[in-house]
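Visitor: Now for the letters of each chain:
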Amino acid sequence: MDTEKIDQIVDEHQGEASSLIQVLLEIQSEYHWLPGDALHRVSERLQVPLTRIRHIATFYKAFSLVPKGRHEVHICVGTACHVRGATRVLDKVQDLTGIGPGETDLELKFSLETVNCLGCCALGPVMVVDGKTHGKLSPAGTANVLKSYE
Amino acid sequence: MSEYLLQIDGKEVKAREGMTVLDAARGAGIAIPTLCYHEELAPFGGCRLCIVEAEGPTGSRLLASCVHPAEQNLVLRTRSDKIDRIRRTLLELLLAHAPHSTQLQELAQEYGADPDRFEQDASFCVHCGLCVRYCAEVKKKNAVGFIDRGTKKEISFVPQIASRECDRCKECFPLCPTSYLQAAFVLTASLAFPDSEGTGSAR
Amino acid sequence: MARIDSPEELAKLRQEVVSHRDPDAPRVSVCAGTGCLASGASQVVAAVKTEIERQGLQAAVESRGTGCHGFCERGPIIVIDPEEICYLQVTPDDVPEIISRTLKDKQVVERLLYVDPAAGEKVTRESDIPFYKHQQRLVFGPNRKIDPKNIEDYLAIGGYRALARALFEMSPEQVIEEVKRANLRGRGGAGFPTGIKWEAARNAPGEPKYVVVNCDEGDPGAYMDRSLMEGNPYSVLEGLIIGAYAIGANEGFVYIRQEYPLAVENLGVAIERAEEHGLLGPDILGSGFDFEVKVHRGAGAFVCGEETALLMSLEGVAGEPRPRPPYPAVKGLWGRPTNINNVETWATVPLIINRGAAAFASIGTEGSKGTKIFSLVGKITNTGLVEVPMGITLRDIVFNIGGGIPGGKKFKAVQTGGPSGGCIPEDQLDLKVDFDELTRAGSMMGSGGMIVMDQDTCMVDVARYFINFLTDESCGKCLPCREGLRQMHSILTKITEGKGKEGDIELLEQLSEVAREASLCALGKTAPNPFLSTFRYFKGEYEAHIKDRRCPALSCKALISYYIDPEKCTACLLCLKRCPDNAIDGGKKKIHIIDQDRCTNCGTCFDVCPSHFDAVRKISGEPVPPPIPEDRRTVVKKGKRGAGQ
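Chains as they are written, first to last, in our numbering: chain P, 1047 to 1196; chain E, 635 to 837; chain B, 46 to 690.
Incorrect hints may appear among the rest.
[What the hints assert, rightly or not] EDC-like cross-link-like pairs, simulated, lysine to aspartate or glutamate; straight-line CA separation at most 20 Å:
{"no.": "1", "chain 1": "B", "residue 1": "Lys-149", "chain 2": "B", "residue 2": "Asp-139"}
{"no.": "2", "chain 1": "E", "residue 1": "Lys-716", "chain 2": "B", "residue 2": "Glu-558"}
{"no.": "3", "chain 1": "B", "residue 1": "Lys-539", "chain 2": "E", "residue 2": "Glu-689"}
{"no.": "4", "chain 1": "E", "residue 1": "Lys-786", "chain 2": "P", "residue 2": "Glu-1149"}
{"no.": "5", "chain 1": "B", "residue 1": "Lys-339", "chain 2": "P", "residue 2": "Asp-1137"}
{"no.": "6", "chain 1": "B", "residue 1": "Lys-539", "chain 2": "E", "residue 2": "Asp-657"}
{"no.": "7", "chain 1": "P", "residue 1": "Lys-1193", "chain 2": "B", "residue 2": "Asp-626"}
{"no.": "8", "chain 1": "E", "residue 1": "Lys-775", "chain 2": "P", "residue 2": "Glu-1090"}
{"no.": "9", "chain 1": "B", "residue 1": "Lys-622", "chain 2": "B", "residue 2": "Asp-610"}
{"no.": "10", "chain 1": "E", "residue 1": "Lys-645", "chain 2": "E", "residue 2": "Asp-657"}
{"no.": "11", "chain 1": "E", "residue 1": "Lys-716", "chain 2": "B", "residue 2": "Glu-554"}
{"no.": "12", "chain 1": "B", "residue 1": "Lys-570", "chain 2": "E", "residue 2": "Asp-801"}
{"no.": "13", "chain 1": "B", "residue 1": "Lys-602", "chain 2": "P", "residue 2": "Asp-1137"}
[Claimed, not checked] Which chain E residues stay away from chain B? Per the calculated CB distances, all over 10 Å, these:
{"no.": "14", "residue": "Met-635"}
{"no.": "15", "residue": "Leu-639"}
{"no.": "16", "residue": "Glu-651"}
{"no.": "17", "residue": "Gly-690"}
{"no.": "18", "residue": "Pro-691"}
{"no.": "19", "residue": "Leu-728"}
{"no.": "20", "residue": "Gln-739"}
{"no.": "21", "residue": "Gly-746"}
{"no.": "22", "residue": "Glu-753"}
{"no.": "23", "residue": "Phe-758"}
{"no.": "24", "residue": "His-761"}
{"no.": "25", "residue": "Gln-794"}
{"no.": "26", "residue": "Ala-818"}
{"no.": "27", "residue": "Ser-824"}
Hints listed in this document are in silico derivations from the structure and should not be mistaken for laboratory results. Remember, it's a predicted structure, so these values are computed and weren't measured experimentally. Each residue gets a CB set at the ideal place from its N, CA and C atoms; glycine is no exception.
Work out the full structure: start from the sequences and follow the hints.
Guide: Structure below.
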């Protein structure tokens, strides 16, 4: 982990403690997780207790304290998708990948998250893999989509 | 500084600006049950045991006395069927976690709470936050904090800080209503405190 | 780009922009909201630009990707002005034809038009399409006319006129009076009178004061704010500055979900453009009024839509709500007077200043003025974002605008208000939608999510779904919500699994009282609503689940079995091949039978069995008929069954 990069991000936010969440979002974006060393560095630079950082890092869903998989799978479980059968899609993905929401498989291939409403309700049930939206999914269709990822 | 006149359980109570309803009640010798309240700490408003009923033009509503500011003309009741009913359920929810807590058992007796109403939960932390808040506000060491949210929320020691500070302090230990704190400390110390080389390995 | 230093200069610039735009010249608008982008709209936009150039029309025809049009079910959408020709479900391959036939030859491409399902007629003009016809798109309408990355588009439609009027012709007190007279109520959920809130912040002692845009739209199924922020961030900023002026705040924040990357991007562009033009920042329009805005992204917590939790987040702390009182208007961000309003509320302000309070208040009902944007989703034909006057009936929204329930299914309920709201059944379809009517019916307006449910939706599962959502999103600080909802979730889950028992309902009701009366914040206080409202209107479903282990909607996985009717099965092999669990036994001409032990209730067989056979049935609350004997399993032509028939 590159201390310089962390410092750069902190400096971009003028080292303000209230920008803590914004700083962490950028670190998460950069590394795809929040390395422990990064949190210590942020604690030092922003002069905030580590407990506050740890609380934030675990409170908000955007952050991960463990490395994520190569492919991030987001399944919408918003009400509209739910009513159109999102649970079946989620069950199928869990079966196929062996992981549940918030988890990453052992090969670091897939990370699974549920999301509440991507705003593509007309396409429900919706699954986004690596930013690509797949809509009008059935359990069988879901299997086909996942099979295409290495 | 303004002075307020409130009514609690039919009794006239004086309060100064900046006081909470609980402060005012305690000042007047009126007892309200609490769990997460501590004189030296900022009010938390987490356990809700301190709820009281306020009379208003549109009916009554419940408020948490430990955080609600004392206001002019508040008319309050500390006991009623509704309050007692809700307190009883709150205690039962707590007892599902910590049936052996003396503090909870005493209150359970007073309100007729059934410790077996809800299924026992493995964690006996009751989330009063006294340990976290004491370490942050009084000792200013932040050796223990909260992590996560909802039912997954827990207290967690920061190994690097706790290994340095806690042995000579432990002032938070007697505050814990359930001794979950001591258990969590021992677990963290044995599994995660850095050894003399500074690496995190079991002692 | 030159700074605009006076209202006169603004008017002049607007004139200039408009003068370069011939109102009769063709303009192509392609919806580029997130929903349409997910259906390939960016390729359509690119194809339009390429094709216009290829056909040599770039001097004569304008094209732009715009904000969300709202008819999300039928995207990607192209509208060609000035004729308002509306093409639906456009693919890049359709584009060359559209350009040559419609733009060059002035002919309509019939196959891309909307077809009225009742009359079978094709509809050419956007405003004649029933989905749009019955709406009143005052706030959302501009979306489809502007490219959100181009401030000139916003100027051309009259943007910033309200800001100039407020800053130069009105005092802050007058602005507040106007908003109060308009009777604007917050569009974020609670519906608190906006003018009164502004007044409280203005009168509260303390400096500096702050204004905040709440774009943490978290209700699942609601995406109005996202589309507004993506499509017309200028309107939100304009309203925000007017409010800041009224309250006396020089600094503002936009709290926006990081799950809305396009909205974040477009907002960022809008802020830059506005700053360049002197429409944001120091000395706006030369008025002497300074206002700066910072963007804070959310990090994935529904509770941060609650205003005090949002403030905690802005302060760089975990979003656990604070007790109220004190209210943010008095003690908000860093203890200073702060006014937080929802995106749609802010976006409605310029409308009020432009048209006047009386005009705004002439729309709507006694208690709820103006229009409201709803996201109409779920079991509905025309999924999308609709803006309607307060007081319209649910029936009109669901059937006239929404086109009713697809698949010939029967309407069952409309869920409004997100996890804080409730379900409204068929016998209340004539309810006039406004804040108070919805509350009276046991629901609430909420942020505007309207989820339509049909006969296949299990209402017990709906309650379980929302409680599940809230237990996941609860901050965990207070006991009634953290532990009370956990228990409610456990009980409701058991009921949907056929493990409900006597006393469950009473316990749910008691826990509801505890959460409603004793929770710290509105998340906990309103959490019981989905259970209370579904129990109020659909008690029979709860009783069936608990007493008969039966799901009347045939939805709860643990309570249903799939069964292939041997009388209808023609052994076509479709379900057998598609079953992901290899649970179907059978073969060519051999009637298929589901092995109940291997079946995981995924429902694939039910989905794929051709509708003219309709051989797969869902059964609940009764045992699955035993498999027919082997010698009866041969399919013979013309529906006769094997020997012994």
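Visitor: Does each hint fit the structure? Answer for all of them.
Guide: Here is what the structure says about each hint:
Pair hint Lys-149 of chain B plus Asp-139 of chain B holds up; C-alpha atoms about 15 Å apart against a cutoff of 20 Å. Note on Lys-716 of chain E and Glu-558 of chain B: the hinted pairing holds, with a Cα-Cα distance of about 9 Å set against a maximum of 20 Å. Straight-line distance between C-alpha atoms of Lys-539 of chain B and Glu-689 of chain E comes to about 39 Å, which puts the hinted pair past the 20 Å bound. Between Lys-786 of chain E and Glu-1149 of chain P the CA atoms are separated by roughly 15 Å; this keeps the pair inside 20 Å, and the hint holds.
Among the hinted pairs, Lys-339 of chain B with Asp-1137 of chain P is inconsistent with the structure: their alpha-carbon atoms are about 40 Å apart, more than 20 Å. Among the hinted pairs, Lys-539 of chain B with Asp-657 of chain E is inconsistent with the structure: their alpha-carbon atoms are about 43 Å apart, more than 20 Å. Distance check on the hinted pair: Lys-1193 of chain P and Asp-626 of chain B sit about 16 Å apart at the alpha-carbon level, within 20 Å; holds. Between Lys-775 of chain E and Glu-1090 of chain P the CA atoms are separated by roughly 14 Å; this keeps the pair inside 20 Å, and the hint holds.
For the hint pairing Lys-622 of chain B with Asp-610 of chain B, the CA-to-CA distance comes to about 18 Å; that is within 20 Å, so the pair holds. Restraint check for Lys-645 of chain E and Asp-657 of chain E: satisfied, since their Cα atoms lie roughly 15 Å apart, inside the 20 Å limit. Between Lys-716 of chain E and Glu-554 of chain B the CA atoms are separated by roughly 14 Å; this keeps the pair inside 20 Å, and the hint holds. About 42 Å separates the Cα atoms of Lys-570 of chain B and Asp-801 of chain E, which puts this hinted pair outside 20 Å; it is violated.
For the hint linking Lys-602 of chain B to Asp-1137 of chain P, the alpha-carbon distance of about 11 Å falls within 20 Å, and the restraint holds. For Met-635 of chain E, the shortest C-beta to C-beta distance to chain B comes to about 15 Å, beyond the 10 Å cut-off, and the non-interface label holds. The Cβ of Leu-639 of chain E lies farther than 10 Å from every Cβ of chain B, with a closest approach of about 18 Å, so its non-interface assignment holds. For Glu-651 of chain E, the shortest C-beta to C-beta distance to chain B comes to about 12 Å, beyond the 10 Å cut-off, and the non-interface label holds.
The Cβ of Gly-690 of chain E lies farther than 10 Å from every Cβ of chain B, with a closest approach of about 14 Å, so its non-interface assignment holds. Taking the minimum C-beta to C-beta distance to chain B, about 17 Å, the non-interface status of Pro-691 of chain E holds against the 10 Å cut. Here Leu-728 of chain E does not stay apart from chain B, with its beta-carbon only about 7 Å from theirs, under the 10 Å limit. Even its closest Cβ contact with chain B, about 17 Å, leaves Gln-739 of chain E beyond 10 Å, as expected for a residue assigned away from the interface.
The beta carbon of Gly-746 of chain E sits about 14 Å from the closest Cβ of chain B, which is more than 10 Å, so the claim that it is off the interface holds. The beta carbon of Glu-753 of chain E is not kept farther than 10 Å from every beta carbon of chain B, the shortest such distance being approximately 8 Å. Every CB of chain B is more than 10 Å from the CB of Phe-758 of chain E (nearest about 13 Å), matching its label as outside the interface. A beta-carbon of chain B is positioned within 10 Å of the beta-carbon of His-761 of chain E; the least distance is around 7 Å.
At roughly 21 Å, the least C-beta separation between Gln-794 of chain E and chain B is larger than 10 Å, which holds for a residue marked as non-interface. With a least CB separation of 16 Å from chain B, Ala-818 of chain E remains clear of the 10 Å interface cut-off, as annotated. Against the 10 Å criterion, Ser-824 of chain E stays outside the reach of chain B, whose nearest CB is about 27 Å from its own CB.
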